[in-house]
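Chemist: This is what each chain is made of:
2 protein chains.
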Amino acid sequence: MRIPLLTLQEELQRVLEKFDFTPERAAHCARLFAETDRDGVYSHGLNRFARFIQYIQKAYVVPGAEPVLEFNQGGLERWNGQQGPGNLNARAAMDQAVALARQFGIGSVAVRNTNHWMRGGSYGWQAADAGCVALCFTNTLPNMPPWGGKSPALGNNPFVMAVPRSNGQHVVLDMAMSQYSYGKLRKYVEAGQDLPVPGGYDAAGNLTRNAATIEETERALPVGFWKGSGLSMLLDLMAGILSGGRTTADIGQLADEYGVSQVFICLDVSRFQDAAFTDALIDQTIAFTQKSTPVSPENAILYPGENVWRTRQENIRLGIPVDEAVWEQVRAM
Amino acid sequence: MRIPLLTLQEELQRVLEKFDFTPERAAHCARLFAETDRDGVYSHGLNRFARFIQYIQKAYVVPGAEPVLEFNQGGLERWNGQQGPGNLNARAAMDQAVALARQFGIGSVAVRNTNHWMRGGSYGWQAADAGCVALCFTNTLPNMPPWGGKSPALGNNPFVMAVPRSNGQHVVLDMAMSQYSYGKLRKYVEAGQDLPVPGGYDAAGNLTRNAATIEETERALPVGFWKGSGLSMLLDLMAGILSGGRTTADIGQLADEYGVSQVFICLDVSRFQDAAFTDALIDQTIAFTQKSTPVSPENAILYPGENVWRTRQENIRLGIPVDEAVWEQVRAM
Numbered sequence: 001m002r003i004p005l006l007t008l009q010e011e012l013q014r015v016l017e018k019f020d021f022t023p024e025r026a027a028h029c030a031r032l033f034a035e036t037d038r039d040g041v042y043s044h045g046l047n048r049f050a051r052f053i054q055y056i057q058k059a060y061v062v063p064g065a066e067p068v069l070e071f072n073q074g075g076l077e078r079w080n081g082q083q084g085p086g087n088l089n090a091r092a093a094m095d096q097a098v099a100l101a102r103q104f105g106i107g108s109v110a111v112r113n114t115n116h117w118m119r120g121g122s123y124g125w126q127a128a129d130a131g132c133v134a135l136c137f138t139n140t141l142p143n144m145p146p147w148g149g150k151s152p153a154l155g156n157n158p159f160v161m162a163v164p165r166s167n168g169q170h171v172v173l174d175m176a177m178s179q180y181s182y183g184k185l186r187k188y189v190e191a192g193q194d195l196p197v198p199g200g201y202d203a204a205g206n207l208t209r210n211a212a213t214i215e216e217t218e219r220a221l222p223v224g225f226w227k228g229s230g231l232s233m234l235l236d237l238m239a240g241i242l243s244g245g246r247t248t249a250d251i252g253q254l255a256d257e258y259g260v261s262q263v264f265i266c267l268d269v270s271r272f273q274d275a276a277f278t279d280a281l282i283d284q285t286i287a288f289t290q291k292s293t294p295v296s297p298e299n300a301i302l303y304p305g306e307n308v309w310r311t312r313q314e315n316i317r318l319g320i321p322v323d324e325a326v327w328e329q330v331r332a333m
Numbered sequence: 001m002r003i004p005l006l007t008l009q010e011e012l013q014r015v016l017e018k019f020d021f022t023p024e025r026a027a028h029c030a031r032l033f034a035e036t037d038r039d040g041v042y043s044h045g046l047n048r049f050a051r052f053i054q055y056i057q058k059a060y061v062v063p064g065a066e067p068v069l070e071f072n073q074g075g076l077e078r079w080n081g082q083q084g085p086g087n088l089n090a091r092a093a094m095d096q097a098v099a100l101a102r103q104f105g106i107g108s109v110a111v112r113n114t115n116h117w118m119r120g121g122s123y124g125w126q127a128a129d130a131g132c133v134a135l136c137f138t139n140t141l142p143n144m145p146p147w148g149g150k151s152p153a154l155g156n157n158p159f160v161m162a163v164p165r166s167n168g169q170h171v172v173l174d175m176a177m178s179q180y181s182y183g184k185l186r187k188y189v190e191a192g193q194d195l196p197v198p199g200g201y202d203a204a205g206n207l208t209r210n211a212a213t214i215e216e217t218e219r220a221l222p223v224g225f226w227k228g229s230g231l232s233m234l235l236d237l238m239a240g241i242l243s244g245g246r247t248t249a250d251i252g253q254l255a256d257e258y259g260v261s262q263v264f265i266c267l268d269v270s271r272f273q274d275a276a277f278t279d280a281l282i283d284q285t286i287a288f289t290q291k292s293t294p295v296s297p298e299n300a301i302l303y304p305g306e307n308v309w310r311t312r313q314e315n316i317r318l319g320i321p322v323d324e325a326v327w328e329q330v331r332a333m
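As you go down the protein sequences, you meet chains A and B in turn. Residue numbering for the first sequence follows the working numbering, beginning at 1 and increasing consecutively. Residue numbering for the second sequence follows the working numbering, beginning at 1 and increasing consecutively.
None of these hints come from the bench; they were simulated from the model. Please read all numbers here as calculations on a predicted model, not as lab measurements. There are no misleading hints in this set.
Pairs involving identical chains hold if they fit within one copy or between any two copies, as the list cannot separate such chains.
With a Cα cut of at most 20 Å, we get these calculated SDA-like pairs of lysine to any residue:
no.	residue 1	residue 2
1	Lys291	Gln253
2	Lys187	Thr217
3	Lys18	Ala332
4	Lys184	Glu216
5	Lys291	Glu218
6	Lys150	Asn299
7	Lys150	Val295
8	Lys150	Ser292
9	Lys150	Glu218
10	Lys291	Tyr201
11	Lys150	Thr293
12	Lys291	Gly252
13	Lys291	Ser151
14	Lys150	Ser296
15	Lys150	Lys291
16	Lys150	Ala287
17	Lys291	Ala203
18	Lys150	Glu298
With these hints in hand, go ahead and build the complete structure from the sequences.
Modeler: Right under this line is the structure:
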């Protein structure tokens, strides 16, 4: 079934207010969840909401906690997220990275002791809406083996990059360091389908496209084999060093994933580049890649964010697709 | 055969001085080439030198050209590399990114119209030697198909991340966006060996470990399939937008790869973190990953940069391994 965006947002806001969110913060947090569904990232919107509430009940997420500044020098800041709601903290951090970029050309806000930011791409879109180029990343609990190892000791540490277009159709990459998330693997198991490309290893150490096998071995494949393994470690180290917060190794010592570390870097290109230049540059590059001979005639060559924009228009027009059981569960909260 | 580091450096310097480098710039450029071999990245040191000289002869690389500042606001700068030697330009750009980071906490120097930086990792080590966290990236000519396409329309756009350790054993990732470079593929062809993991596609569109096949199809695999394809595009767009320079699409219009765009971002962590904290954090994370159950008993779990450091110590002690024919060719220049 589909429901209007505003209905979804208001329902989530109602529940959040029952869990000690002020009306203003509840509205903001609910909007970020609802916009995640609006943009088609259904794994981290409504479907993730019940778990978010559980984390509040377990005191992993502190509804009223706001981030506090711990260090500032020019364009570089460190914050303590105080275990506040991850999406509100991340939103505030990117807002401040934009403000620093306006003042110093470039700004970085590192946040320790924050929480799962839900959909990382949100903060890329946010910076691009402000006309900025941005990158941001988070660490996670250990959920991926390092290259050469079999048991999880790295996070899949989502990484986001964004460049702005004046028509709002930004180019935004939102990628985890594992080829597939465990959520994605579950969907293939439930659908009884093979993965399109190898996603991990079987017990004998061979690459496999069988999602159930990877769930059992916990040997998710890093993107690009040894390369994604290395990239994951560097993102984790940077997040830990810049924020002074927990690394993936530290998070692995906790009962669950909370109190993570994140970094938000923003560059204000509007100071030296008019939007027409940036628009033309991006249009040219997209057109150039789309002139590559397609693998098959029905195969579109998409740029990162293209599907998000298309889904957004569709969901605004037709309403947000929700799982009826999940929706009823939230309505009963 | 092995030769002393200084012998290699002096010989390269001698040749560069014949090609209109001042003694000072020749020494600097030669040192960067020699240190590349010292650190075991043999594809971009002595073995690449003859091609570098050819690019000077073709006027792609202008020996005396120095980068000029085109825009500055706080920690954000744009330079014109004026087609100077790529390694000297990159070195100067990262030096300035470090200087900006000292002043503003974070600094970014984007350089347009520069040249192949040879070994990207050099600039990560450079920033880490200055006690900084850094990331940098370059675009390239089109050499990789976008996801969904068969013909090259993206660069493999090397990406570097570095974090410092006070003992000099920094963690430095230096990765291109293709699973293997064409240089690496050539080595497997010459050795008659299969690639360890799939590196591209055969003519029928199946993943293959046969390097010769990939040379023919020109369908190199992006790291992480669609993910590396997206990451490559974002790095190219950022480099083009921040520098105002050529994108991969633009470089593809030239007779060869020159006048590329690069970005150097540096964060000065020494302001808020003493080295002991950073050292302990990095040590802990490395130890944590190395506790992962090894795939096989003889399999080491390495951190990015570990082999570089080990090779460096060995090559300083024993001398730099060089291909005798290549060495004689340079000596005859």
